[in-house]
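*Asks:* Take a look at the letters that make up each chain.
Protein chains: 2
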Amino acid sequence: MSAIDDMLHFNKGVVRLYPGIESKAPPRKRLAIVACMDARIVPATHLGIQVGDAHIIRNAGGRVAEAIRSLALSQVLLGTEEVAVIHHTDCGLLAPSEDAVRAAFLARGIDPGGLDLLTFSDLDRSLLDDIALYRSSPLLRQDIPVRGLIFDVATSRLSEVDAGALGR
Amino acid sequence: MSAIDDMLHFNKGVVRLYPGIESKAPPRKRLAIVACMDARIVPATHLGIQVGDAHIIRNAGGRVAEAIRSLALSQVLLGTEEVAVIHHTDCGLLAPSEDAVRAAFLARGIDPGGLDLLTFSDLDRSLLDDIALYRSSPLLRQDIPVRGLIFDVATSRLSEVDAGALGR
Chain H
1 MSAIDDMLHF NKGVVRLYPG IESKAPPRKR LAIVACMDAR IVPATHLGIQ
51 VGDAHIIRNA GGRVAEAIRS LALSQVLLGT EEVAVIHHTD CGLLAPSEDA
101 VRAAFLARGI DPGGLDLLTF SDLDRSLLDD IALYRSSPLL RQDIPVRGLI
151 FDVATSRLSE VDAGALGR
Chain B
169 MSAIDDMLHF NKGVVRLYPG IESKAPPRKR LAIVACMDAR IVPATHLGIQ
219 VGDAHIIRNA GGRVAEAIRS LALSQVLLGT EEVAVIHHTD CGLLAPSEDA
269 VRAAFLARGI DPGGLDLLTF SDLDRSLLDD IALYRSSPLL RQDIPVRGLI
319 FDVATSRLSE VDAGALGR
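These protein sequence lines are chains H and B, in that order.
Count the first sequence with the numbering used here and you get residues 1 to 168, in order.
Count the second sequence with the numbering used here and you get residues 169 to 336, in order.
Do not rely on the hints blindly, as some may be mistaken.
In silico SDA-like cross-links for lysine to any residue, where the CA-CA straight-line distance does not exceed 25 Å [as the list claims (entries may be wrong)]:
no.	chain 1	residue 1	chain 2	residue 2
1	B	K192	H	D6
2	H	K12	B	V219
3	H	K12	B	A331
Facing chain H, from chain B, some residues (calculated, C-beta under 8 Å) [as the list claims (entries may be wrong)]:
no.	residue
4	M169
5	F273
6	D290
Because the hints were derived from the structure by calculation, they are not lab data.
Just so you know, even glycine gets a beta-carbon here, dropped at the ideal spot from N, CA and C.
Whenever a hint applies, use it, and build me the whole structure from the sequences.
*Replies:* In structure tokens, the structure reads:
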């Protein structure tokens, strides 16, 4: 059975257990999370995010550069008022250089061309860079908290990065 | 307490319950999911996706146009071999026109400028368009299944869209 068939099968049982939420109301926690797509992060399990709680935006690395459209829509259409950016230890994008990751593409016969892979070489720095990028966007609310967090995949621990360190 | 403080507090209890996964191995199900950021979709609850199972890429609408970098990295670096694209009923991007959503930005004093908001006016069509976009990308694996699914937020039911309908 393919993983997708597996998922459809699992979902059949769910329909009887959980009533849906029809309303397009703002998320209960008025929170938007930007996190890495990594399989080892499960917001429901690790962060207590339940149905209706928060918008979850995820991409490779949890990069804000690729989350601006979604964050803007989250804020303008659905009134979220807090942003958490979550990067994590042992991330696939945590590489000595963008070229190192680019080489993996070329080895597969895929030319990434001008695609910015958004790799990074320092975890704290990538978070601070992403918060700075958020803070420079005219599309996003600047009157709300935007906080950077690191998820440790080896311990499941979430910790906050001091945004005051941005100027270091 | 802010939603982020709430999340950090919840996580303190988790650290004792769940051992982390240190290895950057491929996701157990070798699956990558592209889904909307909507708060009413929780992959763990609705799709049975547990820690280590799958890459989860999420953005406003669950649009493939914004997921190509992440999908490529998922396939090249971490060997995923199946792709599920999940859009849903009552989506904020399901609008009569892009201008209708653009008006909500302008009403807030935000000029979205040239930003493509990636709205859509037909749910089946948006999925088929996204699968077609995937199939046209030289960055992505074309030898694996890519399937389109609709999540009904009112019933929690996941159903598949017939990709054969693409030519209609």
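*Asks:* Does each hint fit the structure? Answer for all of them.
*Replies:* Hint check:
no.: 1; hint: B:K192 x H:D6; result: holds (23 Å)
no.: 2; hint: H:K12 x B:V219; result: holds (21 Å)
no.: 3; hint: H:K12 x B:A331; result: holds (21 Å)
no.: 4; hint: M169; result: violated (11 Å)
no.: 5; hint: F273; result: holds (5 Å)
no.: 6; hint: D290; result: violated (18 Å)
When held up to the earlier numbered hints, the structure conflicts with 4 and 6 and fits the remainder.
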